[in-house]
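Colleague: Let the hints inform the model, and build the full structure from the sequences given.
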Amino acid sequence: MTALFDLNDVHYAYRDTPALTGLSLAVEAGRRVALLGANGSGKSTLLRVLDGLYFPDSGTVTAFGAPLTRQALADEATAFAFRRRVGYVFQNADIQLFNPTVFDELAFGPLQLGLPRAEIRHKVEEALVRFDLAALRDRAPHRLSGGEKKRVALASVLILEPDVLLMDEPTAALDPRSAGEIIALLAALQDSGRTVITATHDLDSLAAIADLAVVLQDGRVAAQGPVADILADHALLARTRLLKPHADLR
Amino acid sequence: MGEHSFLPGHRHGGGVLDRLGEGLLAALRHGLEADDLARRPGLLQGLDPRVKLAGALALMLMAVWVRTLPVLAALLGLAAGLALVSQVPLARLMRQVWLGVLAFTGLLALPALVLVPGRVLFHLPLLSWPVTLQGLRSAAFLVGRAETSASYGLLLILCTPWPHLLKSLRLLRVPLVLVVILGMTHRYIFLLLHSAVDLVEARRSRAVGPLPPRERRRLVTGAAGELLGRALDLGGEAHLAMIARGFGGEIHLLDDFRLRTRDGAALAGLALTLVAAWWWGGR
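Protein sequence lines correspond, in order, to chains A and B.
Take the first sequence: its letters are residues 1 to 250, numbered as in our numbering.
Take the second sequence: its letters are residues 1001 to 1283, numbered as in our numbering.
Hints were generated in silico from the structure; no laboratory data involved.
What you are looking at is a predicted structure, and each value in this text was computed from that prediction instead of being measured.
Check the hints yourself; a few may be wrong.
Taking lysine to any residue and the SDA-like style, the derived pairs with C-alpha atoms no more than 25 Å apart in a straight line are [to be verified]:
no.: 1; chain 1: A; residue 1: LYS123; chain 2: B; residue 2: ARG1214
no.: 2; chain 1: A; residue 1: LYS123; chain 2: B; residue 2: ARG1019
no.: 3; chain 1: A; residue 1: LYS123; chain 2: A; residue 2: ILE183
no.: 4; chain 1: A; residue 1: LYS123; chain 2: A; residue 2: LEU144
no.: 5; chain 1: A; residue 1: LYS123; chain 2: B; residue 2: HIS1252
no.: 6; chain 1: A; residue 1: LYS123; chain 2: A; residue 2: THR60
no.: 7; chain 1: A; residue 1: LYS123; chain 2: B; residue 2: SER1128
no.: 8; chain 1: A; residue 1: LYS123; chain 2: B; residue 2: MET1060
no.: 9; chain 1: A; residue 1: LYS123; chain 2: B; residue 2: MET1184
no.: 10; chain 1: A; residue 1: LYS123; chain 2: A; residue 2: THR62
no.: 11; chain 1: A; residue 1: LYS123; chain 2: A; residue 2: ASP57
no.: 12; chain 1: A; residue 1: LYS123; chain 2: B; residue 2: ARG1258
no.: 13; chain 1: A; residue 1: LYS123; chain 2: B; residue 2: VAL1180
no.: 14; chain 1: A; residue 1: LYS123; chain 2: B; residue 2: LEU1259
Modeller: Written out as structure tokens, the structure reads:
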């Protein structure tokens, strides 16, 4: 398999606070990868680097075989192609949902990417049904529940049918039922052939959403391997301050 | 609103925190009520936002133009009638428009009563200043025009979801970027209000007894600074979220309004009203 993303010795710091410290990672196309790590281990920063929102202070990032740099994304055609292929669901849905209604939220991405109006309408109507949002189409995002906001955020990204889906803590702060619905939606992506990279603390649902786990610690990769192997490595989980999974989900 | 605990009897930190919290909650409640009102089944709620915007503007202009008081009163009566058939309580119109406008423009109109020359109707007690018929007419026109225009303005806002109203502004060639900024401002104001409520609630939960004035000032300025910081963070993050979904500096909107039969009927009714007001109100 060819590497979709290839990161080599990447360093990134928020002013004086280092977030990524020599991180190297290769992600193959079609893999479902879980980024595990305690708070501050660099998961969210890594996702933003993969989405071309942050650019490393040093080191190299390659996406789809080409360097992912500020200069590369300054080119409109390159940025268009990249944004079409990579979708990012933010941890805080409130940040991602900035449009006045759910309908507008779903239409935002396709509109920015210049898809034909008729196609956008069709896609939005389809997504409203698929994500069980039809009854909420004219609602303002600030009036939705946490689970509904997350569904809208996910739908607003998946409507572009990206090759790569980046997700930051998709079940954070959700009640068990809402979290279960999001996990079910993610699990349904298994056969879509998409590359899905999910930053999560939720070890219980890890097996449903990923087949490869990458453990981050202090801004670099501490370990990586099949989910089952990582979950079985209690010493590693303890060292990286991750909770042990429940026995029946190992 | 149930997640917040600004309840009677739940008072720890003295008046300033209570007032701040209650003010923030009132703002949130007001916004949510207006949103609910715009989604009720009613005559105005069922019309295309563009028709409502054009109609409200035309009627406002007509209220400013008419030169006879009965026609002006009829236009105000029409606004009250539209409120009734659109489930907007007249008490709300009275509270939010009529009393406020009367107080404000009434003050401005008072001098006209005695300064405009004309046929003297009576003299003010004590001062003996003459109140003239022409002065009374001028004051009535000023107050009536302001009341009528403000009534149509409020009806438009209360009977149209804010996002739809913003979109229909495009009809008036309001720059797209301004429309989008207004929409995002509306969206994030609610988020910041929730943040502010949480902030005050957290502070109240730790406050014991009334605060000294200096501490109160420090608290309010501290909260304002914290909120400003959060607003800046929010702005930065929202910008990243927009970039992630393809935003490249140019905004695009999808206008999905459709004119239906009732919109045509409303436009015909509006045209008839305007012609009638022009015919009888222009003398």
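Colleague: If a hint holds in the structure, say so; if it doesn't, say that too.
Modeller: Going down the list of hints, with the structure as the test:
1. LYS123/A with ARG1214/B: Violated. LYS123/A to ARG1214/B sits at ~57 Å, over the 25 Å cutoff.
2. LYS123/A with ARG1019/B: violated (47 Å)
3. LYS123/A with ILE183/A: OK: LYS123/A and ILE183/A at ~23 Å, within 25 Å.
4. LYS123/A with LEU144/A: holds (22 Å)
5. LYS123/A with HIS1252/B: The given pair, whose Cα atoms are some 16 Å apart, holds under the 25 Å limit.
6. LYS123/A with THR60/A: Distance ~36 Å between LYS123/A and THR60/A Cα, so the pair is violated.
7. LYS123/A with SER1128/B: violated (74 Å)
8. LYS123/A with MET1060/B: violated (40 Å)
9. LYS123/A with MET1184/B: holds (23 Å)
10. LYS123/A with THR62/A: The hint is violated at about 31 Å.
11. LYS123/A with ASP57/A: violated (38 Å)
12. LYS123/A with ARG1258/B: holds (19 Å)
13. LYS123/A with VAL1180/B: Holds, at roughly 22 Å.
14. LYS123/A with LEU1259/B: holds (23 Å)
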